[in-house]
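Trainee: Start from the sequences and build out the full structure, keeping to the hints where you can.
These protein sequence lines are chains D and B, in that order. Residue numbers are given in this note's numbering: position 188 of the first sequence equals residue 252, and the series is strictly consecutive. Residue numbers are given in this note's numbering: position 101 of the second sequence equals residue 165, and the series is strictly consecutive.
Since the hints were made in silico from the structure, they are not lab data. Do not take every clue at face value.
In this list, chains with the same sequence are indistinguishable; a pair is considered to hold if it fits within one copy or across any two.
[Unchecked claim] With a straight-line Cα cutoff of 30 Å, these simulated BS3-like cross-link-like pairs (lysine-lysine) come out:
1. K306 to K272
2. K119 to K245
3. K305 to K291
4. K245 to K79
5. K306 to K291
6. K272 to K291
7. K245 to K272
8. K276 to K119
2 protein chains.
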Amino acid sequence: MHQTILNHRSIRKYKKEPLPEHLLERIIEAGTRASTTGNMQVYSIIVTTDPEIRKALVPCHFNQPMVLEAPVIMTFCADFNRFNKWCRLRNAHPGYDNFLSFMTAAIDALLVAQNVCLAAEDSGLGICYLGTTTYMASRIIEILELPPAVVPVTAITIGFPDESPGLTDRLPLEAVVHMEKYRDYDEEDINRLYAAKEALESSKAFVKENSKENLAQVFTDIRYTLKDNRTFSNSLLNVLKKQGFMNQ
Amino acid sequence: MHQTILNHRSIRKYKKEPLPEHLLERIIEAGTRASTTGNMQVYSIIVTTDPEIRKALVPCHFNQPMVLEAPVIMTFCADFNRFNKWCRLRNAHPGYDNFLSFMTAAIDALLVAQNVCLAAEDSGLGICYLGTTTYMASRIIEILELPPAVVPVTAITIGFPDESPGLTDRLPLEAVVHMEKYRDYDEEDINRLYAAKEALESSKAFVKENSKENLAQVFTDIRYTLKDNRTFSNSLLNVLKKQGFMNQ
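Mentor: Shown next, in the form of structure tokens:
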């Protein structure tokens with residue numbers, strides 16, 4: 065298990081082979097064993113294999129070809145709809161139309177997603193997270209016909225790997241760990257902690273390709289810009305309102 | 065690995081034994097292998113062992129004794145502070161002061177948390193998630209001295225188990241899985257999907273203890289009430305504003 069975790073690579077190329085049903089059930093069952101607030105299980109997993117629906121999802125995920133090439137897309141949703149319906153049928157009055165409840169359900173969904181990914185990788189499958197899910201939640205809701213109180217939080221492609229990329233670099237452990245309390249970073253810390261990353265040949269190539277001065281500018285000016293982030297923030301907050309999670 | 069996932073139980077009683085340092089490092093390293101948006105690693109892990117700091121954290125986690133009894137509390141934070149500092153030192157202009165960026169960082173932090181939990185359980189340790197982290201984020205920020213652009217998203221207790229509880233019940237798989245698109249639930253679905261849960265002796269005892277008509281009312285009237293949820297929603301949204309994530 066530990067090896068499975070340490071060997072994680074995002075897989076973006078998949079064999080055409082479909083996912084055997086018993087494997088699909090096995091990894092979803094693993095998902096449901098994740099911790100869940102108050103054992104409410106306020107999440108849903110949408111398993112999409114239909115090529116027509118996946119074709120519709122492709123632009124939501126910025127036209128990444130793997131969305132069509134992988135045999136399965138799983139969309140993990142914060143979901144209070146089922147729980148609310150249960151409450152109402154039992155003469156109980158659900159109070160889950162607010163931001164805290166969205167966060168509770170989103171946390172549930174994300175822990176399930178990571179369990180599914182690790183169970184999949186442990187079975188020889190490959191996965192890749194689609195960070196675009198929160199950006200394009202509004203359109204995903206339409207395509208997957210998500211009712212009120214349901215919001216997509218993340219998605220993954222999943223299938224048998226047709227590539228074996230190397231491990232991705234990470235910052236040194238001391239960059240992300242704080243003992244006892246938060247210890248803020250000074251200039252020297254930042255220089256030391258990012259030195260190895262900045263020195264990678266892949267980073268240098270990335271800077272050159274994008275005609276930037278350094279790696280940080282590739283992130284701020286090209287990959288994750290203020291303009292895009294603000295646009296998608298407004299869109300996501302509107303989704304939360306529309307799906308009924310902003311009544312506080 | 066699959067067995068580790070299927071055997072998960074939340075552990076609330078711990079031996080006094082501290083966590084050996086090599087084990088702590090091993091599970092944190094496993095955390096950092098989780099997928100992270102654009103490989104930005106926009107999270108931090110605060111590892112708290114000091115009994116004085118844990119004593120201060122106890123009320124944040126609704127006085128659960130395990131917060132003091134477990135040898136370690138780990139608080140997982142959405143963290144753009146480190147990344148922003150790096151950008152500014154490189155003459156790059158970070159655009160991560162918005163809600164989408166908070167969600168991106170929260171997702172990062174939660175995938176790391178689940179990796180840490182599974183690596184810990186795989187090494188014979190026990191964990192329990194503290195859902196109270198989002199409720200009491202404001203006070204946790206003070207105690208752990210979290211700077212702007214850092215928000216606690218979840219926390220866990222961790223240590224050697226001193227109890228071996230049974231597996232917790234889960235809804236049948238069909239309750240949480242939707243094939244292709246979302247299929248909404250009708251009354252018959254809800255009755256069928258919740259029947260086993262409602263019939264559990266533990267559920268019946270819970271209803272009786274709380275003098276309610278049924279299990280759903282225990283959730284809505286006692287455990288997760290509208291009043292509390294609204295209070296904590298406002299508090300969490302204020303935290304996001306204060307930490308600089310609501311400029312869109």
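Trainee: So, for every hint listed, does it hold in this structure?
Mentor: Here's how the hints hold up against the structure:
In this assembly of identical chains, K306 and K272 lie within 30 Å of each other by CA distance neither inside one copy nor across copies; the values are 42 Å within and 37 Å between. When the C-alpha separation of K119 and K245 is checked against a cutoff of 30 Å, the pair qualifies only between copies, where the shortest distance is 13 Å, while the shortest distance within a copy is 47 Å. Proximity of K305 and K291 under a CA criterion of 30 Å is satisfied in both settings, with 22 Å inside one chain copy and 19 Å between copies. Taking the closest pair of Cα atoms, K245 and K79 come within 30 Å of each other only across two copies (24 Å); inside a single copy the shortest separation is 46 Å, beyond that limit.
Taking the closest pair of Cα atoms, K306 and K291 come within 30 Å of each other both inside a single copy (23 Å) and across two copies (21 Å). In this assembly of identical chains, K272 and K291 lie within 30 Å of each other by CA distance solely inside one copy; the values are 23 Å within and 54 Å between copies. Taking CA atoms no more than 30 Å apart as the test, K245 paired with K272 passes in neither setting, with 38 Å inside one copy and 42 Å between copies. With identical chains, the CA atoms of K276 and K119 are never at most 30 Å apart, being 34 Å at best within one copy and 48 Å at best between copies.
In this structure, the hints that do not hold are numbers 1, 7 and 8, in rising order.
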